[in-house]
Amino acid sequence: MLQIYEDLKKTDNKYTLSVYPDSNPIVNKYKIFPLSGISNSKTIFCNENGYYSIYESDRYGFNNPNIEWDNKDIEYLLVGDSFTHGACVNRPNDLTSVLRTLSKKSAINLGYSSNGPLMEYATLREYLIPNVKKVFWIYYPNDLSDLQYEISNNVLIKYLSDLNFTQKLKFKQNKIDDLINDTIEDIKKRINNKDKDKDKEKDKFNYKKFISFIKISKLRKSIFPVIGNSNFEKILKLTKDLTLANNSKLYFVYLPEFNHNKKKFSKNDYALIKQIVNKLDITFIDIYSEVFEKEENPLVFFPFNLDGHYNVSGYKKIAEKIYKFTER
Amino acid sequence: MNFIKRIFSPFCLTISVLLIIYTYYKSEIYWNGLNNEYYLFYYIFFFFFFFFSFISFFINQKIKEYLIILFSSVVLAVFLFEGYLTFNTKTKSYKLKKTIT
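These protein sequence lines map, in sequence, to chains A and R.
Under the numbering used here, the first residue of the first sequence is numbered 3, with each subsequent residue one higher.
Under the numbering used here, the first residue of the second sequence is numbered 159, with each subsequent residue one higher.
The following block holds chain R by itself, in its conformation from the complex:
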């Protein structure tokens, strides 16, 4: 746990910076700035994440432990649900929709 606690803040900070750069690439380079409205939420979310990562360097170790548990639970739940949407054949009705052109 000590190792995880040590790398948690730098890890979050690195991920948030990478996500902000990726959002900028998608919004301004890939979509030529035509979908700024859609990417606004991602900018807000990732800047909030960046801010949170920065704060996490200075918080109490006990709170950090809770945050790590909370963070990993949320990530796990999100990917489990994504896995369900990806691999559950019953959710593939969107493919039928594509036949209407």
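Next comes chain A alone, as it looks inside the complex:
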């Protein structure tokens, strides 16, 4: 991807890379933890369908046409991880764009790759605007494991412990852009030095692996369930309160993974999530039963029938179902 970035950068300086928020150093000279990417840039995202998806980011660094933020009323606002972000398709084939096309109403995408529940809630706290009618929490089954990292992040945890905490990210986009540009430069340096360091690394004693071995981490992980069910419930409850205070209706959309109908998939996690959402009285849109189960071969919704993000037809079907559901 770095090669593509450097080649495209020569043709237009507006090209940039999509950097996961958690790739930025938590302690940095700008004293912020960003929840989006570089603003007003041609962002190179990912390649799973045989081409690199590229989008022009909005004023806050999300995957939206910039003018969407000027609309008086916002019908749909989506928050989630890479699936909401639009991996790995171009506009107008991502979830939010399809909703925009179908409804002919405004829709804002606040999804970003690597987001977990706490980062999604933090994003809503920072960027939710008063004129939004429907908020969609797009859930993918790896979100609960992302929560483990998020809770150990000193900045993110403040969103959970202090309801008035804000980083005022909307007003610090210049700092966010600078920080991510620094991170890209660091990544470039690291990749360029990787080959040189490879031989050195071979000789190094792997302390992390040793400590993990002493702590029998792998065995414990395979026995005990994922940390954070109660925190997930707490975050979802806070999200509901936040959207209620904003006069918006909250929907929870459950996206199925590639292994959903295979043995590897944990039905317990699915049941647990559904139970939490129902307990909080949030509308649950189950994409597995509504879309994937009705399809003879649901793997057609994945690139080349392989594990990954959805393809164009996958996102289209899901967006159509969400649209129909909300128009009932």
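If you're looking for bench data, these hints aren't it; they were derived computationally from the structure.
Everything hinted at is true.
Simulated crosslink set (DSS-like; lysine-lysine; CA at most 25 Å straight-line): (1) A:LYS174 <-> A:LYS31; (2) A:LYS107 <-> A:LYS251; (3) R:LYS184 <-> A:LYS160; (4) A:LYS191 <-> A:LYS33; (5) R:LYS184 <-> A:LYS223; (6) A:LYS220 <-> R:LYS184; (7) A:LYS236 <-> A:LYS251; (8) A:LYS217 <-> R:LYS184; (9) A:LYS106 <-> A:LYS136; (10) A:LYS136 <-> A:LYS170; (11) A:LYS160 <-> A:LYS33; (12) A:LYS74 <-> A:LYS136; (13) A:LYS326 <-> A:LYS251; (14) A:LYS135 <-> A:LYS107; (15) A:LYS251 <-> A:LYS239; (16) R:LYS184 <-> A:LYS211; (17) A:LYS190 <-> A:LYS177; (18) R:LYS184 <-> A:LYS210; (19) A:LYS236 <-> R:LYS184; (20) A:LYS170 <-> A:LYS160; (21) A:LYS251 <-> A:LYS318.
Computed spacing ranges between beta-carbons, pair by pair: (22) A:LYS239 <-> R:ILE202: 25 to 31 Å; (23) A:ASN307 <-> R:TYR242: 30 to 36 Å; (24) R:ILE173 <-> A:MET3: 43 to 49 Å; (25) R:GLU186 <-> A:ILE28: 17 to 23 Å; (26) R:TYR188 <-> A:SER105: 41 to 47 Å.
Derived list of chain R stretches under chain A, where covered just means 3 residues or more per stretch with a C-beta under 8 Å from a C-beta of chain A: (27) 188 to 194; (28) 232 to 244.
Keep in mind the model is a prediction, meaning the values are calculated, not measured.
Built from N, CA and C at the ideal position, the CB exists for glycine as well.
We have chain A; now place chain R onto it with these hints.
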């Protein structure tokens, strides 16, 4: 064996106290008390271990010998299995999962 028998109880007691302190650190300081539910099992397990260590000071020497054999076998089996999970390349499919973000 006599030396092992002599140090077994103080060793278990020290380890159990250290593990309880470490669990408290992880639960209350590192995670700010946000994962108490997850650490509850560890508290129960290590307090049980502490209790067992205390009892082991007063048990019959023969039973102690059996306990040492049982204890070392369990520890060895656990670390052998952990070694298998750590170093067996076939179990590294979780790394692929991480690409879905």
